[in-house]
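Q: Here are the chains, one letter per residue:
There are 4 protein chains.
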Amino acid sequence: MRIGFIGLGGMGQGMAANLLKAGHEVVVWNRSQAPVQVLVEQGARAAATPAEAFDVEVVFSILANDAATREVILDSGALEQARVGLIHVSMATLSVALVDELVARHAEAGLGYVAAPVFGRTDVAASGQLNIVVAGEPEAIQRVQPLLDVLGRKTWPVGAEPRQANVVKIAGNFMIASAIETMGESTALARSYGVEPAALLEILTSTLFAAPVYQNYGRLLTERKFSPAAFKLSLGLKDVGLALAAGQEKAVPLPFASVLRDNLLEAVAQGEGDLDWIALGQRSHKKAGLD
Amino acid sequence: MRIGFIGLGGMGQGMAANLLKAGHEVVVWNRSQAPVQVLVEQGARAAATPAEAFDVEVVFSILANDAATREVILDSGALEQARVGLIHVSMATLSVALVDELVARHAEAGLGYVAAPVFGRTDVAASGQLNIVVAGEPEAIQRVQPLLDVLGRKTWPVGAEPRQANVVKIAGNFMIASAIETMGESTALARSYGVEPAALLEILTSTLFAAPVYQNYGRLLTERKFSPAAFKLSLGLKDVGLALAAGQEKAVPLPFASVLRDNLLEAVAQGEGDLDWIALGQRSHKKAGLD
Amino acid sequence: MRIGFIGLGGMGQGMAANLLKAGHEVVVWNRSQAPVQVLVEQGARAAATPAEAFDVEVVFSILANDAATREVILDSGALEQARVGLIHVSMATLSVALVDELVARHAEAGLGYVAAPVFGRTDVAASGQLNIVVAGEPEAIQRVQPLLDVLGRKTWPVGAEPRQANVVKIAGNFMIASAIETMGESTALARSYGVEPAALLEILTSTLFAAPVYQNYGRLLTERKFSPAAFKLSLGLKDVGLALAAGQEKAVPLPFASVLRDNLLEAVAQGEGDLDWIALGQRSHKKAGLD
Amino acid sequence: MRIGFIGLGGMGQGMAANLLKAGHEVVVWNRSQAPVQVLVEQGARAAATPAEAFDVEVVFSILANDAATREVILDSGALEQARVGLIHVSMATLSVALVDELVARHAEAGLGYVAAPVFGRTDVAASGQLNIVVAGEPEAIQRVQPLLDVLGRKTWPVGAEPRQANVVKIAGNFMIASAIETMGESTALARSYGVEPAALLEILTSTLFAAPVYQNYGRLLTERKFSPAAFKLSLGLKDVGLALAAGQEKAVPLPFASVLRDNLLEAVAQGEGDLDWIALGQRSHKKAGLD
Numbered sequence: 001m002r003i004g005f006i007g008l009g010g011m012g013q014g015m016a017a018n019l020l021k022a023g024h025e026v027v028v029w030n031r032s033q034a035p036v037q038v039l040v041e042q043g044a045r046a047a048a049t050p051a052e053a054f055d056v057e058v059v060f061s062i063l064a065n066d067a068a069t070r071e072v073i074l075d076s077g078a079l080e081q082a083r084v085g086l087i088h089v090s091m092a093t094l095s096v097a098l099v100d101e102l103v104a105r106h107a108e109a110g111l112g113y114v115a116a117p118v119f120g121r122t123d124v125a126a127s128g129q130l131n132i133v134v135a136g137e138p139e140a141i142q143r144v145q146p147l148l149d150v151l152g153r154k155t156w157p158v159g160a161e162p163r164q165a166n167v168v169k170i171a172g173n174f175m176i177a178s179a180i181e182t183m184g185e186s187t188a189l190a191r192s193y194g195v196e197p198a199a200l201l202e203i204l205t206s207t208l209f210a211a212p213v214y215q216n217y218g219r220l221l222t223e224r225k226f227s228p229a230a231f232k233l234s235l236g237l238k239d240v241g242l243a244l245a246a247g248q249e250k251a252v253p254l255p256f257a258s259v260l261r262d263n264l265l266e267a268v269a270q271g272e273g274d275l276d277w278i279a280l281g282q283r284s285h286k287k288a289g290l291d
Numbered sequence: 001m002r003i004g005f006i007g008l009g010g011m012g013q014g015m016a017a018n019l020l021k022a023g024h025e026v027v028v029w030n031r032s033q034a035p036v037q038v039l040v041e042q043g044a045r046a047a048a049t050p051a052e053a054f055d056v057e058v059v060f061s062i063l064a065n066d067a068a069t070r071e072v073i074l075d076s077g078a079l080e081q082a083r084v085g086l087i088h089v090s091m092a093t094l095s096v097a098l099v100d101e102l103v104a105r106h107a108e109a110g111l112g113y114v115a116a117p118v119f120g121r122t123d124v125a126a127s128g129q130l131n132i133v134v135a136g137e138p139e140a141i142q143r144v145q146p147l148l149d150v151l152g153r154k155t156w157p158v159g160a161e162p163r164q165a166n167v168v169k170i171a172g173n174f175m176i177a178s179a180i181e182t183m184g185e186s187t188a189l190a191r192s193y194g195v196e197p198a199a200l201l202e203i204l205t206s207t208l209f210a211a212p213v214y215q216n217y218g219r220l221l222t223e224r225k226f227s228p229a230a231f232k233l234s235l236g237l238k239d240v241g242l243a244l245a246a247g248q249e250k251a252v253p254l255p256f257a258s259v260l261r262d263n264l265l266e267a268v269a270q271g272e273g274d275l276d277w278i279a280l281g282q283r284s285h286k287k288a289g290l291d
Numbered sequence: 001m002r003i004g005f006i007g008l009g010g011m012g013q014g015m016a017a018n019l020l021k022a023g024h025e026v027v028v029w030n031r032s033q034a035p036v037q038v039l040v041e042q043g044a045r046a047a048a049t050p051a052e053a054f055d056v057e058v059v060f061s062i063l064a065n066d067a068a069t070r071e072v073i074l075d076s077g078a079l080e081q082a083r084v085g086l087i088h089v090s091m092a093t094l095s096v097a098l099v100d101e102l103v104a105r106h107a108e109a110g111l112g113y114v115a116a117p118v119f120g121r122t123d124v125a126a127s128g129q130l131n132i133v134v135a136g137e138p139e140a141i142q143r144v145q146p147l148l149d150v151l152g153r154k155t156w157p158v159g160a161e162p163r164q165a166n167v168v169k170i171a172g173n174f175m176i177a178s179a180i181e182t183m184g185e186s187t188a189l190a191r192s193y194g195v196e197p198a199a200l201l202e203i204l205t206s207t208l209f210a211a212p213v214y215q216n217y218g219r220l221l222t223e224r225k226f227s228p229a230a231f232k233l234s235l236g237l238k239d240v241g242l243a244l245a246a247g248q249e250k251a252v253p254l255p256f257a258s259v260l261r262d263n264l265l266e267a268v269a270q271g272e273g274d275l276d277w278i279a280l281g282q283r284s285h286k287k288a289g290l291d
Numbered sequence: 001m002r003i004g005f006i007g008l009g010g011m012g013q014g015m016a017a018n019l020l021k022a023g024h025e026v027v028v029w030n031r032s033q034a035p036v037q038v039l040v041e042q043g044a045r046a047a048a049t050p051a052e053a054f055d056v057e058v059v060f061s062i063l064a065n066d067a068a069t070r071e072v073i074l075d076s077g078a079l080e081q082a083r084v085g086l087i088h089v090s091m092a093t094l095s096v097a098l099v100d101e102l103v104a105r106h107a108e109a110g111l112g113y114v115a116a117p118v119f120g121r122t123d124v125a126a127s128g129q130l131n132i133v134v135a136g137e138p139e140a141i142q143r144v145q146p147l148l149d150v151l152g153r154k155t156w157p158v159g160a161e162p163r164q165a166n167v168v169k170i171a172g173n174f175m176i177a178s179a180i181e182t183m184g185e186s187t188a189l190a191r192s193y194g195v196e197p198a199a200l201l202e203i204l205t206s207t208l209f210a211a212p213v214y215q216n217y218g219r220l221l222t223e224r225k226f227s228p229a230a231f232k233l234s235l236g237l238k239d240v241g242l243a244l245a246a247g248q249e250k251a252v253p254l255p256f257a258s259v260l261r262d263n264l265l266e267a268v269a270q271g272e273g274d275l276d277w278i279a280l281g282q283r284s285h286k287k288a289g290l291d
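Chains as they are written, first to last, in the working numbering: chain F, 1 to 291; chain A, 1 to 291; chain Y, 1 to 291; chain P, 1 to 291.
Just to be clear, a hint being listed does not mean it is correct.
Unchecked claim - Output of the computed footprint for chain Y on chain F, the stretches with three or more beta carbons under 8 angstroms from beta carbons of chain Y:
#1 227-233
#2 247-258
What the hints assert, rightly or not - Residues from chain P that keep clear of chain F, each with C-beta distances beyond 10 angstroms, as calculated:
#3 E80
#4 G110
#5 Q129
#6 A160
#7 L265
#8 A269
#9 Q270
#10 K287
Honestly, the hints are just simulated from the structure, not real lab data.
The C-beta atom is built at its ideal place from N, Cα and C for all residues, glycine as well.
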C-alpha cells in the first residue's frame with residue numbers, strides 16, 4: 001500500500017522503518033532532513049511538503065504536540081490537497097480540543113481520521129511491539145488494522161470517537177505521573193527514618209507493585225538517573241495539563257493531577273524541566289530537606 | 001518452642017494455626033472467645049490474660065490499631081509479668097510514635113521487641129505466604145526467623161530500629177491508597193468521554209500497570225464491589241493518617257496523602273466508612289456527577 | 001472628546017453613561033441592541049460595527065472573556081480600520097496570553113493599548129467609584145487619565161506592560177475565591193461542632209477580617225443567597241483558570257488555586273455553575289455531609 | 001475576688017497584671033520564676049504548685065499547648081486539690097480532644113470549666129483589649145464575665161460546650177494561615193510578571209481586603225520581616241494540625257488546611273520553623289524560583 005508518514009522523531013523513525021520492511025511504499029516528511037535521509041536509504045521516498053505525504057491511501061503522523069500538529073497538518077494545506085478517501089492515522093498525544101478540531105476539518109475535506117496514540121518508548125516502536133490505543137469509525141479502523149499490526153503487538157480499540165483514544169493515552173500518562181509522585185513521597189518518608197528508597201521499592205515492586213512502571217521508574221529514581229531524559233519533565237507537565245484540560249471540559253476534578261501540576265511546575269521553576277520526568281519523584285526529597 | 005499469640009482476628013487466626021501446624025506449643029489470647037475456641041480445638045492452649053501469653057519465649061501480637069495495642073500490651077501488666085529475655089514480635093500496623101513507646105517499655109522490662117508488619121490479606125495469612133517486613137536488633141530477628149519462615153513466604157529486613165518496619169508498612173499502604181485514587185480519577189476522566197473504566201484499566205493493567213494492586217483493585221472498582229469490605233475505608237483513613245503523622249515527625253510533606261485524607265474523610269462523611277476502601281476510587285465519579 | 005465604547009453589559013452600561021454625563025461624545029457598540037438603545041436615549045451614538053467605534057481618539061472595551069474579545073476586537077477588522085494614534089483602553093478580565101497578542105496587534109496597527117481592568121460590581125460602575133488597575137505606556141495612560149477619573153474613584157498604576165494590570169486583576173480575583181473557600185471550610189468546621197456559621201463569621205469579620213470581601217461574601221454565605229448570581233460560579237472557574245495559566249507561563253505553582261479549581265469544577269458538575277460563586281463556600285458543607 | 005493565674009508567658013503576664021490592677025487578689029504560678037517575680041512586684045502572690053493556684057474561686061490558665069496543659073493541669077494533682085465549685089477559665093489554644101478530656105476531668109472533680117481562647121497578641125493582652133471567645137455553662141460564664149471584661153474589649157459567647165470556643169479559635173487561626181498563603185501565592189504570581197508584592201497588596205488591602213490581617217501580615221510579607229517571630233511558624237503548623245484533627249473527628253475535609261500543612265512542613269524542613277509564620281507566604285516565592 002502507498003503510505004505517508006509525517007514526523008520522524010525517535011518514535012516515528014522506527015515505525016516508518018517497520019512499514020517499509022513490511023513491503024509498503026512509504027512517503028515520508030519531516031521538518032529536519034537528517035531523519036528523512038535515513039529512511040530514504042531504507043527505501044522511502046521523501047515528500048517535499050506535508051501535502052505530498054497526504055497524497056496516499058493512508059497517512060500516519062506522530063508529531064510532538066498540539067502546536068506542531070496544527071502547523072503541519074491544519075495550516076499547511078495538506079488536508080485540502082489530500083486524496084479523497086484517505087485515512088489519517090494520528091498517533092501523537094494531543095489535546096481533546098485539538099482532536100475535535102482535527103476530526104471536523106478532516107470530515108469537511110472528505111478524509112477519514114483515526115486516533116491511534118501509543119504506549120511504548122523508542123526501542124519498543126523500533127521493534128514493532130507498541131501498544132496502540134485506537135478510536136474512530138469502525139470501517140476506517142478495519143482498513144488500517146493490517147498496518148497497525150505491523151507497528152504494534154496489540155491494538156486496543158476504545159470507541160468510535162477519535163478523541164476517546166486520546167483520552168485513554170492522556171489518562172495513562174497521568175497514571176504514570178501519579179506512580180512517580182507516589183514513589184517520590186513514599187521513598188522520602190522511608191528515607192527520613194533511615195530506610196533506603198531502594199529497600200522500600202524492592203519490597204513493593206517484588207509484590208503488590210510488581211509492574212513495569214514501578215520497577216523501571218523505581219530503578220531510575222533510586223539510581224537518580226535523571227538525564228539524559230527519555231521523556232522530559234517539561235513534557236510531563238504538558239501531558240498532565242492535557243489531563244486537566246480534558247477533565248475541565250467535562251467537569252471532572254482531578255486532585256492528584258492538580259498536585260502533579262504544582263510539583264512539576266516547581267521542578268521547572270527550579271531548572272529541572274529538561275531532566276527525565278522521574279525527577280518529579282525527587283521533589284519530595286528536596287521539600288523534606290533530605291537532599 | 002513455646003509461643004504466645006495475641007490477637008486472633010482474620011489475620012491472627014491463620015497465623016497461629018500455622019505455628020501450631022509447625023509443631024509449636026501455642027498459648028493464645030483474644031478479647032472475644034470464639035476464635036480462641038477454634039484455636040484450642042486445633043491444639044492451642046487458652047490464656048486467661050495477655051500476661052499469660054507473655055509467659056513464653058516468643059510472643060506474637062497482631063492487634064487492630066494503636067488503641068487496642070496500648071490496652072492489651074501496655075496497660076494490661078503483661079510486660080511487667082513477662083519472662084525476661086522474651087521477644088515480642090509485633091505484627092500490627094501501628095503508628096511510629098506508639099512503636100517508639102513500645103520499644104522503650106520493652107527495654108525497661110528487659111524484653112526484646114521486633115516489628116514485623118505484613119503485606120497480605122487473610123487468605124495469604126492462612127496459607128503462610130505473607131510478605132513480612134521486619135526490623136529490630138539483628139540477634140532478636142535471627143532468633144525468631146524460623147518462626148517468621150513459618151508465617152510468610154519471605155521476610156524483608158529493613159533496619160535495626162523497629163519503627164523502620166512500621167514506616168515501610170505505612171508507606172506501602174499509602175502507595176495502595178494512591179493507586180486506588182489514581183484509578184478513580186483516571187477512570188472518571190475516561191468515563192466522562194464514554195470510555196468504560198474496564199476498557200481503560202484492561203489496557204493499563206495488561207501493560208505498564210500489570211501488577212496485583214492495580215489488577216485486583218481495578219477489578220473491584222469496575223465491578224463496584226464495595227462490600228463486604230476486605231479492608232474498610234475507615235481503616236484506610238486511619239492508615240493514611242499514620243503516614244501523615246510519620247511524615248510530620250520528620251517534616252516530610254506528603255501532598256498525595258493529604259488529598260487521600262481529604263477524599264477519605266469525604267467518603268466517611270457520606271456514609272461510606274464501612275465499605276471496602278476501593279470505594280475511594282468511586283469518589284471521583286461522584287464528584288464529577290457521573291454516578 | 002470623541003470616545004468609543006464597546007461592550008454594554010452590566011458594567012459597561014454604567015461606565016458609558018458616566019462618560020456621557022461628563023460631556024463626552026460617545027459612540028457605542030454592543031452585540032445585542034437593547035443596551036445600545038438605552039445609551040442612545042442618553043445621548044450616545046450607535047455604531048454599526050466595532051470598527052466604527054474604533055474611529056475615535058479613545059475607545060474603551062469591556063467584553064465578557066477572551067473569546068468575545070478575540071471576535072469583536074481582533075477578528076472584526078476593527079484594528080485595521082482604526083484611527084492611527086487611537087488608544088484602546090481594555091477593561092475586561094483577560095488572560096495574559098491574549099493581552100500579549102492584543103498588544104502586538106495594536107502595535108502593528110499603530111494603535112495604543114492600555115489595560116485597565118477594574119474592581120467593583122455594577123452598582124459601583126454606575127456610581128463612578130470603581131478601582132481601576134492600569135498598565136501600559138506612561139504617555140498613553142496620561143492621555144486617558146481624565147477619562148479614568150470619570151469612571152473610578154482611584155486609578156492604580158502597576159507598570160508599563162499592559163499584562164501587568166491583568167495579572168493584578170487575576171491575582172485579586174484569586175484572592176477573593178480563596179477567601180470564599182476559606183470561609184466555606186472554616187464555617188463547615190464550626191458548624192460540625194454546633195457553632196453557627198454566622199456566629200463564627202461575626203467574630204472574625206468584626207475583628208481581624210473586618211474587610212468588605214469577608215463581610216459581604218460572609219453574609220451571602222450564611223444567608224445562603226446563591227442566586228441570582230452577581231458573579232457566576234462558572235465565571236469564577238474561568239478566572240481561577242486565568243490565574244493558573246498565568247502562573248504556568250512563569251512556572252509559579254499556586255496550590256490554593258489548584259484546590260479552588262477542583263472544587264469549582266465539582267460545583268459545576270453538581271449543577272451549580274449558574275449560582276453566584278459564593279456557592280463555592282457551601283461545597284465544604286456538602287462534602288462534610290452537613291447539608 | 002481571689003483568683004489563680006497559671007501561665008505567665010507573653011499573653012498571661014499582661015492579663016494577670018490587668019486582674020491585679022482591677023483590684024483582685026491574684027495567685028500566680030509559672031514554670032520559670034522570672035515572670036512570677038514580675039507579677040509579685042505588682043502585688044501578686046506566688047504559688048508553689050499549680051494546685052495552690054487552684055485553691056481559689058476562679059483560676060485562669062493560658063499554657064503553650066496540649067502537652068503543657070496536660071502536665072500542669074491534669075497530671076499535677078491540681079484538680080483533685082482544687083476548691084469545690086471553682087471555675088477554671090482556660091484560655092489556651094487547645095485541641096478539641098484535650099478540651100473534652102479536661103471537661104470530663106473537671107466534672108468528676110466538681111469543678112466548672114469555661115473555655116475562653118482569645119484573639120490578639122501580647123500588646124493587646126497588656127492593654128486589656130482582647131477579643132475573647134467563650135463557651136461553657138451559661139451560669140459559669142456569667143460568674144466570670146466581670147473578669148473577662150477586665151481582660152478583653154469584648155466577649156463572644158458561642159455555645160454551652162467548652163470545645164465550641166476552641167473550635168472557633170482554631171477556625172480563626174486557620175483563616176489567618178489561609179490569608180497568609182493566599183497573599184504568598186498572589187504576590188508570587190504578580191512578582192513573576194514584574195509587579196512588586198507591595199504594589200499588589202496596596203491595592204487589595206486598600207479596597208476589598210482592607211482588614212487588619214491582610215494589612216499587617218501583608219506589610220510583614222512585603223518587608224520580609226520574618227524574625228523575631230511574634231508567632232512562630234512551627235506553632236502555626238501545630239494550629240493547622242488542630243484544625244485538621246478537629247475536622248477529622250467530625251469528618252469535615254479541609255483541603256486548604258491540607259495545603260497549609262504541607263507548605264508549613266516544607267518550611268520547617270527548610271529550617272524556617274522559628275521564623276514568624278508570615279514566612280509561609282514566602283514559600284510560594286521560593287518554589288517559583290523567585291528568591
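Q: Against which earlier hints does the structure fall short, listed by number upward?
A: Going through the list in order, the structure violates hints 1, 7, 8, 9 and 10 and respects the others.
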